[in-house]
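2 protein chains.
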Amino acid sequence: MAFKSDIEIAREANKKPIQQIGDALNIPGEHLLPYGHDKAKISQAFIDSVQERPDGKLILVTAINPTPAGEGKTTTTVGLGDGLNKIGKKAMICIREASLGPNFGMKGGAAGGGKAQVVPMEEMNLHFTGDFHAITSAHSLLSAMIDNHIYWGNEAQIDQRRVTWRRVVDMNDRSLRQITSSLGGVSNGFPREDGFDITVASEVMAILCLAKNLKDLEERLGNMIVAYRRDKSPVFCRDIKAEGAMTVLLKDAMQPNLVQTLENNPAFVHGGPFANIAHGCNSVIATTTALKLADYVVTEAGFGADLGAEKFMDIKCRKAGLKPDAVVIVATVRAMKMNGGVAKADLGAEKVAAVKAGCPNLGRHIENMKKFGVPAVVGINHFVTDTDAEVQAVMDYCAELGVEAILNKHWELGGEGITETAKKVVELCESGAANYAPLYADELSLAEKIETVCKEIYRADSVVMDGKILNQLKEWEAQGYGNLPVCMAKTQYSFSTDPTQRGAPTGFDIPVREVRLSAGAGFIVVVCGEIMTMPGLPRVPAAESIRLNDEGLIEGLF
Amino acid sequence: MAFKSDIEIAREANKKPIQQIGDALNIPGEHLLPYGHDKAKISQAFIDSVQERPDGKLILVTAINPTPAGEGKTTTTVGLGDGLNKIGKKAMICIREASLGPNFGMKGGAAGGGKAQVVPMEEMNLHFTGDFHAITSAHSLLSAMIDNHIYWGNEAQIDQRRVTWRRVVDMNDRSLRQITSSLGGVSNGFPREDGFDITVASEVMAILCLAKNLKDLEERLGNMIVAYRRDKSPVFCRDIKAEGAMTVLLKDAMQPNLVQTLENNPAFVHGGPFANIAHGCNSVIATTTALKLADYVVTEAGFGADLGAEKFMDIKCRKAGLKPDAVVIVATVRAMKMNGGVAKADLGAEKVAAVKAGCPNLGRHIENMKKFGVPAVVGINHFVTDTDAEVQAVMDYCAELGVEAILNKHWELGGEGITETAKKVVELCESGAANYAPLYADELSLAEKIETVCKEIYRADSVVMDGKILNQLKEWEAQGYGNLPVCMAKTQYSFSTDPTQRGAPTGFDIPVREVRLSAGAGFIVVVCGEIMTMPGLPRVPAAESIRLNDEGLIEGLF
Numbered sequence: 001m002a003f004k005s006d007i008e009i010a011r012e013a014n015k016k017p018i019q020q021i022g023d024a025l026n027i028p029g030e031h032l033l034p035y036g037h038d039k040a041k042i043s044q045a046f047i048d049s050v051q052e053r054p055d056g057k058l059i060l061v062t063a064i065n066p067t068p069a070g071e072g073k074t075t076t077t078v079g080l081g082d083g084l085n086k087i088g089k090k091a092m093i094c095i096r097e098a099s100l101g102p103n104f105g106m107k108g109g110a111a112g113g114g115k116a117q118v119v120p121m122e123e124m125n126l127h128f129t130g131d132f133h134a135i136t137s138a139h140s141l142l143s144a145m146i147d148n149h150i151y152w153g154n155e156a157q158i159d160q161r162r163v164t165w166r167r168v169v170d171m172n173d174r175s176l177r178q179i180t181s182s183l184g185g186v187s188n189g190f191p192r193e194d195g196f197d198i199t200v201a202s203e204v205m206a207i208l209c210l211a212k213n214l215k216d217l218e219e220r221l222g223n224m225i226v227a228y229r230r231d232k233s234p235v236f237c238r239d240i241k242a243e244g245a246m247t248v249l250l251k252d253a254m255q256p257n258l259v260q261t262l263e264n265n266p267a268f269v270h271g272g273p274f275a276n277i278a279h280g281c282n283s284v285i286a287t288t289t290a291l292k293l294a295d296y297v298v299t300e301a302g303f304g305a306d307l308g309a310e311k312f313m314d315i316k317c318r319k320a321g322l323k324p325d326a327v328v329i330v331a332t333v334r335a336m337k338m339n340g341g342v343a344k345a346d347l348g349a350e351k352v353a354a355v356k357a358g359c360p361n362l363g364r365h366i367e368n369m370k371k372f373g374v375p376a377v378v379g380i381n382h383f384v385t386d387t388d389a390e391v392q393a394v395m396d397y398c399a400e401l402g403v404e405a406i407l408n409k410h411w412e413l414g415g416e417g418i419t420e421t422a423k424k425v426v427e428l429c430e431s432g433a434a435n436y437a438p439l440y441a442d443e444l445s446l447a448e449k450i451e452t453v454c455k456e457i458y459r460a461d462s463v464v465m466d467g468k469i470l471n472q473l474k475e476w477e478a479q480g481y482g483n484l485p486v487c488m489a490k491t492q493y494s495f496s497t498d499p500t501q502r503g504a505p506t507g508f509d510i511p512v513r514e515v516r517l518s519a520g521a522g523f524i525v526v527v528c529g530e531i532m533t534m535p536g537l538p539r540v541p542a543a544e545s546i547r548l549n550d551e552g553l554i555e556g557l558f
Numbered sequence: 001m002a003f004k005s006d007i008e009i010a011r012e013a014n015k016k017p018i019q020q021i022g023d024a025l026n027i028p029g030e031h032l033l034p035y036g037h038d039k040a041k042i043s044q045a046f047i048d049s050v051q052e053r054p055d056g057k058l059i060l061v062t063a064i065n066p067t068p069a070g071e072g073k074t075t076t077t078v079g080l081g082d083g084l085n086k087i088g089k090k091a092m093i094c095i096r097e098a099s100l101g102p103n104f105g106m107k108g109g110a111a112g113g114g115k116a117q118v119v120p121m122e123e124m125n126l127h128f129t130g131d132f133h134a135i136t137s138a139h140s141l142l143s144a145m146i147d148n149h150i151y152w153g154n155e156a157q158i159d160q161r162r163v164t165w166r167r168v169v170d171m172n173d174r175s176l177r178q179i180t181s182s183l184g185g186v187s188n189g190f191p192r193e194d195g196f197d198i199t200v201a202s203e204v205m206a207i208l209c210l211a212k213n214l215k216d217l218e219e220r221l222g223n224m225i226v227a228y229r230r231d232k233s234p235v236f237c238r239d240i241k242a243e244g245a246m247t248v249l250l251k252d253a254m255q256p257n258l259v260q261t262l263e264n265n266p267a268f269v270h271g272g273p274f275a276n277i278a279h280g281c282n283s284v285i286a287t288t289t290a291l292k293l294a295d296y297v298v299t300e301a302g303f304g305a306d307l308g309a310e311k312f313m314d315i316k317c318r319k320a321g322l323k324p325d326a327v328v329i330v331a332t333v334r335a336m337k338m339n340g341g342v343a344k345a346d347l348g349a350e351k352v353a354a355v356k357a358g359c360p361n362l363g364r365h366i367e368n369m370k371k372f373g374v375p376a377v378v379g380i381n382h383f384v385t386d387t388d389a390e391v392q393a394v395m396d397y398c399a400e401l402g403v404e405a406i407l408n409k410h411w412e413l414g415g416e417g418i419t420e421t422a423k424k425v426v427e428l429c430e431s432g433a434a435n436y437a438p439l440y441a442d443e444l445s446l447a448e449k450i451e452t453v454c455k456e457i458y459r460a461d462s463v464v465m466d467g468k469i470l471n472q473l474k475e476w477e478a479q480g481y482g483n484l485p486v487c488m489a490k491t492q493y494s495f496s497t498d499p500t501q502r503g504a505p506t507g508f509d510i511p512v513r514e515v516r517l518s519a520g521a522g523f524i525v526v527v528c529g530e531i532m533t534m535p536g537l538p539r540v541p542a543a544e545s546i547r548l549n550d551e552g553l554i555e556g557l558f
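These protein sequence lines map, in sequence, to chains A and B. Per UniProt numbering, residue 1 is the first one in the first sequence, and the count goes up by one each step. Per UniProt numbering, residue 1 is the first one in the second sequence, and the count goes up by one each step.
Please keep in mind that the hints were generated in silico from the structure rather than gathered at the bench. Just so it is clear, the structure is predicted and the values come from calculations on it, not from any experiment. Any given hint might turn out to be false.
In silico BS3-like pairs for lysine-lysine, Cα to Cα no more than 30 Å straight-line [stated by the list, open to error]:
no., chain 1, residue 1, chain 2, residue 2
1, A, 15, B, 16
2, B, 323, B, 409
3, B, 212, B, 474
4, B, 212, B, 241
5, B, 251, B, 212
6, A, 89, A, 15
7, B, 251, A, 16
8, A, 251, B, 16
9, A, 474, A, 232
10, B, 4, A, 241
11, B, 241, A, 4
12, A, 215, B, 15
13, A, 4, A, 15
14, B, 15, A, 16
15, B, 107, A, 215
16, A, 15, B, 251
17, B, 4, A, 251
18, B, 215, A, 15
19, B, 16, A, 16
Here chain A stands alone, though its shape is the one from the complex (with noise of 0.2 Å):
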C-alpha cells in the first residue's frame, strides 16, 4: 500500500474559509483578522470579551524521550482535537509556530502528519502571519539601540565586554555565531564581541510566550537585562527605553492565529520558544483564549514529558494559573524498541522483548505526570510495521502502572481513528481526578529547586554545581529573583545528560554548566550540556532544491 506524504495529503485539504472556522467560534467577522483566506488573527478585543466565560479543560499531549523513530506528539495533539470533535464535543488545538531557518537546512516540518494535520502546512512553515519576523524586528531594535546608546555617551555606563544581549537572525547562520561588530572607524562605534542566535531563542519571545497581555508584555520586556556595568550592576532594557518600541512590533504578533485541522477544527498555531533555554510551549494567550472558546483545549510541549511537560507545568501553567485536566503521553512502538537498545536499522522485525526492555522509559513519564496531580492515558502512536503482540506488552506495561495505554490510528483514519482515547480523555476531564500542583514551591531556593527537578524528574543522584553557580544563585536571590521557577536546558534524548542513554537511565549526576537569568521571561535557564542556540545548515542544505514548479507549487520544502 502505497502512502500519500504529508504535503500531498494537505494540499487536497477541503480547506473551508477562515471566516467559517471563526462564525463556529462565535468570533464576529470585525474580530477576526484574515491573513489570505485561511489563516487569520483574532483581536484584542475579542479576547478582551470573552473573559468572564468559564474555562474549557485543558489537556496537555506530551511524550516519552524523542528517538530517531519519531513519535508523533504533535501529529497526536492534532488527532485528538478532531477526535473529541468528532465524538461531539467542541474542541480546539494549541500548538507552536514554526520557525523559518531551519526549513532550510533540513527539509521542513510538517505541523502534524498523515490525515492528522494542521493546514495551510506550507504558509506555516514559511512567513505565516509574520509573528517571528516581527520578533526578529523588536529582538533587532533593541540590538541597535544598546550600541546606539554606547555611541552616543554610554549614559547607563554600559561595560561594553558585558553585553548579555545577543543579535538574532531567523536563519540557520554559523558565520553569524560569533562576529566583532561596530569596525570601521569613529563613525561605526565601538568595536566589540558579539554573536547573533537564531529567532525562536530570543528572549522576546519566551516573553511573547508567557505575556498575559500587552501590557503585561511591554513590562517583561522592560525587565530584560541586556548587558551589566563593570561594577556587575545590570541593565535593563527599560534603561535603554527600547520596551514600548518593541511592544509597538509585537501588537500584532501577540494575537493569535487561527488555521484549522483536515477535519475543519479550529487550531491556534502561535509562539515557538526553544525547548532548552526556554519553555518550549505555544503562547499562554493563544492557551487561555482558546479556553474561553471551547470546552476541550488539547496542547502539547517541547521534546519529552521530563522537559517538555515539566516546563509546562512548572513554568507555564504556574505562570499563567493554567490547570490542567489531563495528560496523554505518546509512545511508539518503533520508540519503545530503540529505548530497548534496537537500531533504528532494526525496526522493522517484530521484537516484543526490545519493547518491554524500552518500556520503562514510558514508566517513568507516566509516574512523574503523576507528581503533578495530572490524571493521564497512553497515547500508542500506530504505525504500519507495528505488531499485534508488540503493542499488547506496551498496553499490559501499562497496565500494570494503573494507566490505560489505547492504541491511534489518527495518522491514517484523522479524529475518528483516534475517538477511543478522546472519550478516555474526556472521562479523565470530568472525573474531577486533577488536582494539579506545581512540582515545587516558589518559596524553594533557586538550589533546591534545580535538585527537586533533576531527582525528582530524572532520578538523578546528585546535582553538580560549583561555587561560582551556587553564588550566582545567591546573587540572584538576593536581587529578588529567588521565586522564579528553573528551565532546565539539557538533551532532549535522555533522562540524564547523556544522549545516548536510552531507558530509564540511574545512577548519574546532573553537572550544570552554567546559569543564567531571563528577567523579562521570569526563569532561571539551568544549562546542563551543549546547548546550540544558532544551527548551521547541512552540506547540501535543503534550500538547493527548493523551488516554484511551473504550476506555482513549492517543490523540496517537504
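Chain A is fixed; fit chain B onto it per the hints.
Leaving out everything else, chain B in the frame of chain A:
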C-alpha cells in the same frame, strides 16, 4: 487656524473594507488576499487574467531637487489620484512601501499628508504585509548559503576576500556596517570581513521591483553576482543554488498590496528600492497591473527629477516597456525660495525675488522632462504661508517655458483641491503629445551612457572617470553587460555632486568614485559621492518615545 496632524486625519479616515475597494476594481473575492480588513494582496492568477486588457494612461509625479522645506511629492501623487477620481475618471495610484528601520530613528514618514493620504498609515510604516521581511529572509538565506558553501568545501572556489554579497537587516544599526564574521573556531567557518546594509538597499529589493513575474524574479536572482574567485571571475547566486528557495520566500511579496486613499480610491503600495544605488520606484508588477485596472495610473519616483524621473524613464520604463503619458513636476514656493538662497528659518516672509531666483532649478527639470518626450505640468503644492505674488512668480516663470503651473490644495482639501491639475493631466494624456523615449540607447557604451546623463540631465561640463573605472566598464561590456542602463548614485540635493549647490548650477564636473554591477537587477550603479547604505540612529531615537497608550493607539511613531 490649527491643523490636524497627518496621523489624526488618518485615524479619522472613513475606511471601507478592502473587499469593497477590490469590488470597485472588479477583483473577485478569491483573488483578493486580505491582510486584516484594510490591506490585501492581488493574486497572480487574477493578474494573469487581465493581461489582454488595454493599458490605462501612466502619469509620473516627480519634483524639483528636495530641500529641507519639503516638496510633497507623495502628497501630490495621492491627491492627484483622488482628483482624477473626483472629476469622474477611473484612477489608481502606485507608490512605494516604507522601510521599517528608519521610523525608529526619526519620526516616521507618512504616506502622503493632510487630506491626501493613503491608509492604514501606521501599518504601512510598520510590518505592512510583510514584504520587506520576506526580502530580508531571502537575502539572509543567500548570505547563509554562501558562507555554508565555503564551510563545506567551497566547490565554487569563492575567494573569501571577495564576497561582495553583504548581509541586510531592516533596522538602522551602524554597529553592523562593518564586522568580522565566522569567528570562534572551526565549527563556525572561515573568518572574513563582512557587513550589513539596510534591507531596502538589497539587490533583491531592486529585482523584486523590476521583475515581470515570479519566473523573471527567479532568473534575475540567479544572475546576481555574490562573489569573485581568485581569478576575478564572478560567482553567481545560481552557482550557490539559492535562487529557487529565495523565490519561494518572495512569492507573496511579489504580489501588489492594495490599500485606499482617505477618499476610498484604490492604491497599490508595493516595493521600495533605494533611489541612489537602485532605481527608487515602486514595483513594475504593481504599475503594470494598475494600468490594466484603471484608466489613469499616477505613480512617483524617488528624490528630484534629475535622479528619480531619469531612473523611472531610463530604467523602469525602458525595462518594463512602459510608456508614460504625462509628468507632473511638484514644486513649492518655499522650496523655490530655498533654491533662491533663503535659509529655512526665513521662509515665512514674502520673498518674491528669491522665488524667482530659485525657479531655474524647476526650469531645468522642466527642460529635462521634454528630453524624454513626455509632456509636463507643474503642480505647485500650496503652503499656508505662500503669498499670491510668490505663487504668481512661479506660474509666470513656467509660462515662459511653455508649461502650465497650477496651484494645488489637495493637502487641505483632498481631491477637490487638485481637480484643475487633474483636468490638465487628462488633457495632456489624451492629447497624444507623449512620445516617450529613453535618454540614451541601449547600444551606447557604458561610459557614454554615464556621460549622457551627466551632461544632458545634470549639465555637467565633464565626467571624471579614472582608468580603473573605465577598464571596469569595458570588462563588463566584454562580459555582455554593456547593454544595461546606468543607475546614478549621487546627492539628491543638487544637480551637481555638491549638496550645497542649489538652483541650477553650471561649471561643474561629475567625479565617478566607483562603479558596481547589479547583474540581477540589470543596471550599473555609478557612485558619485558618499552613499550610505546603513543609516544609524540619532542621539535620542524616536523609538524611545514610541509606545502603545492606554487606548491601544501608537504614540511617538509620527
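Hints, verified against the model:
{"no.": "1", "hint": "15(A) <-> 16(B)", "in the structure": "27 Å, holds"}
{"no.": "2", "hint": "323(B) <-> 409(B)", "in the structure": "28 Å, holds"}
{"no.": "3", "hint": "212(B) <-> 474(B)", "in the structure": "29 Å, holds"}
{"no.": "4", "hint": "212(B) <-> 241(B)", "in the structure": "21 Å, holds"}
{"no.": "5", "hint": "251(B) <-> 212(B)", "in the structure": "13 Å, holds"}
{"no.": "6", "hint": "89(A) <-> 15(A)", "in the structure": "21 Å, holds"}
{"no.": "7", "hint": "251(B) <-> 16(A)", "in the structure": "23 Å, holds"}
{"no.": "8", "hint": "251(A) <-> 16(B)", "in the structure": "23 Å, holds"}
{"no.": "9", "hint": "474(A) <-> 232(A)", "in the structure": "15 Å, holds"}
{"no.": "10", "hint": "4(B) <-> 241(A)", "in the structure": "28 Å, holds"}
{"no.": "11", "hint": "241(B) <-> 4(A)", "in the structure": "28 Å, holds"}
{"no.": "12", "hint": "215(A) <-> 15(B)", "in the structure": "28 Å, holds"}
{"no.": "13", "hint": "4(A) <-> 15(A)", "in the structure": "18 Å, holds"}
{"no.": "14", "hint": "15(B) <-> 16(A)", "in the structure": "27 Å, holds"}
{"no.": "15", "hint": "107(B) <-> 215(A)", "in the structure": "23 Å, holds"}
{"no.": "16", "hint": "15(A) <-> 251(B)", "in the structure": "21 Å, holds"}
{"no.": "17", "hint": "4(B) <-> 251(A)", "in the structure": "26 Å, holds"}
{"no.": "18", "hint": "215(B) <-> 15(A)", "in the structure": "28 Å, holds"}
{"no.": "19", "hint": "16(B) <-> 16(A)", "in the structure": "25 Å, holds"}
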